[in-house]
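S.K.: Position 112 (the sequence shown) corresponds to 100 in the working numbering; numbering is contiguous.
Every clue listed holds true.
Straight-line Cα separation of at most 25 Å, DSS-like style, residue types lysine-lysine; simulated pairs: (1) K124 <-> K83; (2) K83 <-> K499; (3) K198 <-> K218; (4) K625 <-> K146; (5) K146 <-> K179.
Note that these hints are calculated values from the structure, not bench results.
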Amino acid sequence: MCYSIAVVGQPNVGKSTFINVLIGKYVSEVANWPGVTVDIKIIKIEYDGKEVCIYDFPGMYSLNPTSEEERIAAERFVTEDFDNHIAIADSTSLKRTLYLVVQSLELKGKGVVALSKTDAALKAGIHINVGLLEKKLGFPVIPFSSYTLEGVEEVLEKALERQKERELYINYGDLEYYVVRISELLRGKVKGNPRWYAAEALADNPVAWKVIESVGLGEEVRKLVEGAKKELGTDLGKIIVEQRWKFIEELVEGVIQVEKVVKEAWWAKALDAALLNPILGPLAAFLILFAVLFVSFSLNTGFPANVVFSSLGLDSLAEAAESYNTSEILGSFFDSLAEAARNALPDPWGSLVGDGIIAGVGAVLSFFPLIFTVYFLLAVLEDSGVAPRIAVALDPLFRVVGLTGKAIFPMIISMGCNVPGVLSSRVMESAALRKAVAMNVMYVPCQARLVVFLALASLLPPWSRALSVLAVYAYSLLVFIVTTYISAKLIFKVKEKAELVMELPPYHVPKLRILLWMTWDQAKHFLKKAGTIIFVFSVILWFVLESSVSQAIGKAFEPLSEWALGLKGEAAEVINVAMLAGTVAKEVVLDVIAISSGTSNIKEAAAALGITPVQALALMFAVAVYVPCIATIAVMKEELESWRLVALSVGVSIIISILTAKIITVIFGLF
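Whenever a hint applies, use it, and build me the whole structure from the sequences.
M.R.: Here it is as structure tokens:
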């Protein structure tokens, strides 16, 4: 059965180009709607294994027609049952083009609001707070550009989701009494929201009247309309229109911000000269991104600022960076909270709340400032116009492996934390590439894994420590690129070459308000979507680690540890449990090793467990590419919309981790 989606919009909002993109990418059949004298096309497409029928309506200013063409189109839209509809508004003229959008949502009770021409809006310095607009409206809002194709698939995907019907309430002021009375008569008798029919009957809409008369309520409704005319005058339509515009005014308040466009500033010319140069561009791009990471990591973890200060002989500043960063402060707070819970509650509840819930959730939330900082600095790059130029500068490097320059953003962000790295996969041009990146960006080593790398590297000969860490990073990035390429081709069936289609916007002077809403719109997904799963997994892992189950797991996988790492007995059990516990947060790997060996000194712990330098090196590589933390798994589920794909990704990471450890053990065991 064909899933039906109606597409409506005012003239010149970009509806035709949106439809043309769909025809160009997915079309299987185009036909005119039978029996219709105006041009309403039915476009049959195949998308994600589903047959979809797109009903392309001609441009209408409203559902209260002013011409015969509008009457026929409005009548079809009002009376037909569609599984969903897409209502398009123009980002460059949002307020003016929302009237039909509001009408259609009020009538149907479900739909997707698509904001067109986002590239043109950005060029003009117009920013729309999509999250706030969506919250006020109560319906999904997706920005898109038919030129760059950004957001087009997201609009279609959102329209294919099953939506619960809800009532878009508009207060009709002096006519509210009559709207309520008429809607009570019509409830259950008409398709759609009876309040819409009541308002349109008062506005003398012939389409609404035709439906009302067809259900045998014309006379009763007409009496109420006449009563309203006697009380308020004959021009009731004006009141209806004014109240809708009042609703739209409140809707867009605080949603639209306009920034100053910079054209001839010296710094703008200097940045373009560097970033758009084929030789200097990649270097300049990496330097800017390195600065973002340096500031983000230093504020939130102390590294690498502590190393820089220490090398300059500023030991007091290095110590301050290590002690007074957000991760350390929040970590201490959650440690104190966990300790208080353990003391206040009897066992096992104190341990469950303290060691399970607070420690598990706290280990993840302590990295939220890092996530927020990274997103804020990237928002500065995006809002100022620097980010698109970075993508252009790095595009030739990524195109070799089937990606575009935009892949640098999830990759770089993941070096801070995989959670925002997965979320930032949304920058990719197509849904297929977005999912391929979201599925594999976990291989990019995050800040938490770096802590484990540095600890294990201390077990190696001094000359090889820095080299081993660099080798682990290089290997991890290679795994990310290769697995993303394979996933795109085999799982998501990407056939065409990835192309970066982008019109560079002018530079803007960022506003703090816009930067904060852009940052929060991204960061809130971590708190909203990952929170529940993190909580559940933390409780489950507590039960596993506090029971004999953990020892059973350690022993059960001992043959695998012996095969891959050459570990036996207690050492194998400890490392197996540590790897399991590392799914809460990667630093926990070190905690388990320390607790099990009875010492926090990693060298003493390794000696007690009999871990050799070769095994430590193999363990470094294994940690780099094995199962991500539960927070990352949570957001992967949201982005991939499939536990099956998440399970596949996790399973592949385990296989790669085991094989990697075995290869390292064999190769370096020869020396």
